[in-house]
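Visitor: Position chain B relative to chain A; hints supplied.
What follows is the residue order along each chain.
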Amino acid sequence: MNEIYFENHANTRVDERVIEVMLPYLREYYGNAQSIHSLGAHSRDAIEKARSQVAQLISGKESEIYFTSCASEANNLAIKGVAEAYRQKGRHVIVSEIEHFSVLNAARRLSQQDFEVTLLPVDREGLVSPEDLQKAIREDTILVSVQHANPEIGTIQPLAEIASLCRARNIPFHTDAVCTAGIMPLDVTSLGVDLLTLSGAQFYGPKGAAALYLKKGVRIVPQIDGGIQENGRRAGTGNVPAIVGFGAACEIAGQEMDDNYRRLLRLRNRLMTALPEKIPYLYVNGHLEKRLPNNVNISVEFVEGEGMFLFLDQKGIYVSSGSACASKALKMSHVLTAIKVDTAVGQGSILLTLSRYNTDADVDYLLAEFPPIVARLREMSPLYGYFQKTGQRRAAGPGTDYEHEHDQNQEDG
Amino acid sequence: MPFYSEKVMDHFQNPRNVGEIKEADGTGEIGNPVCGDMMSFYIKVKDNIIEDVKFKTFGCGAAIAVSSMVSEMAKGKTLDEAMLITNASVAKELGGLPANKMHCSNLGADALHKAIEDYQKKQGVKS
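First to last, the protein sequences are chains A and B. Our numbering numbers the first residue of the first sequence as 1 and each following residue consecutively. Our numbering numbers the first residue of the second sequence as 414 and each following residue consecutively.
Just to be clear, a hint being listed does not mean it is correct.
No farther apart than 30 Å at their CA atoms in a straight line, the calculated lysine-lysine pairs in the BS3-like style are these [as the list claims (entries may be wrong)]:
1. B:Lys435 to A:Lys389
2. A:Lys389 to B:Lys457
3. B:Lys420 to A:Lys331
4. A:Lys278 to A:Lys315
5. A:Lys389 to A:Lys278
6. B:Lys457 to B:Lys420
7. B:Lys459 to A:Lys389
8. A:Lys389 to B:Lys535
9. B:Lys505 to A:Lys331
10. A:Lys290 to A:Lys340
These are calculated hints, taken from the structure and not from any lab test.
Excised from the complex, chain A in its bound form:
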């Protein structure tokens, strides 16, 4: 059976070349990077080489790269670490409402202490408005965090504009660039960010290594207390094999970015064009142009996401869904809610994220297998039956009312 992985925002397959450079650090060079002897030095050199590879990918300085175990840790360090460092100056933090949970929940933690958090809204395409940010900034604002792109709907934020607003007010600005790093060109200086999170697992590196870029002069309080690793800002024995792999993934991503980007964009555009043609009452979520090259997020009306997800799984196609049923909490994803997707329509949301391993044949296979699955589930759906009979839409139950008009040509629901 075909096996097609379309959940690359969650994790990517590790590049074989990356695995090769990691292996010696599992087998032979097992020394602790803090040790003075030669074996330790070998690990230390490897970490420093990786640091320079990461720095190069985002056009930063090596001394501004701090390794962490994952992007969630880097986001926690950024949000809590900056807030703690600047608390004498103010207690107000601004984050967008569609941030990853590692930013949102870190901010929530601050609000339970003595900080005030403003959640910046987004429009129906998922964009933060710089004007809204301008209005939200106060005298006591000490941190702003807006992601570079959203992992779920793919919308890319006007980051340079947002950063310049923060710079004008001398407020540290953090961005979670997990979706864009290694996929699109990134330059911390031209973006004007003070802190940036990136993770290798999203671009063919291993799990277990990520980094926080911290611009020189921006203060931070460590969130893991211990030894002097990472220049005293992140204690704990470095995960040398993962860090080495992360570095290699950064180098490869930089070298192959143009080709990979074009390839992703072409496959994504094929899907974004063909899916609405093949499946009626299908809507694309997120911004159509300001969008990640590998993100396809759709809502299929009259069917529920988990049903599609399970049938696709049976065909060897691995995707994800932002529907309530597919989530443990039984709530529609906070991102779809924020962009005001009708609950009735959001129930049928499916997310496909591509990697450089995906091919035209993968796209063909999905386009062949998916429409019959939708047709089959619609056959079973009382909502579709009702629509066919009456031309009217109806809610599935309390709280799932339609709030917006729908027609097939409307892209944003």
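Guide: Frame of chain A, contents of chain B only:
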């Protein structure tokens, strides 16, 4: 371990009794305020026995499997027997459901019972 039991997956992939009955003797419909699922049940009754049952469901894998199982359990039963089908017995027949999907099993039996009550109400009006 897979998320759903083999039996749930079987009923999800090959649901029994999907559809509508044009001139149903009783219909029942229920929406789930928890997750927005919806089920419609249609029954045909003869001599107090559920002769035919069909359903349509908008919902997750569990919701579809539950509907299918309920329809199978109800077919051929007397109305009184069918009223005894409970959420728990449906979940049990399916070999269990994940904890956060137990609420789906509530819908199936409730929708069936509503269809039976609808039939009884219509009978009451007739007689």
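Visitor: Can you list which hints this structure breaks, lowest number first?
Guide: The structure breaks none of the hints.
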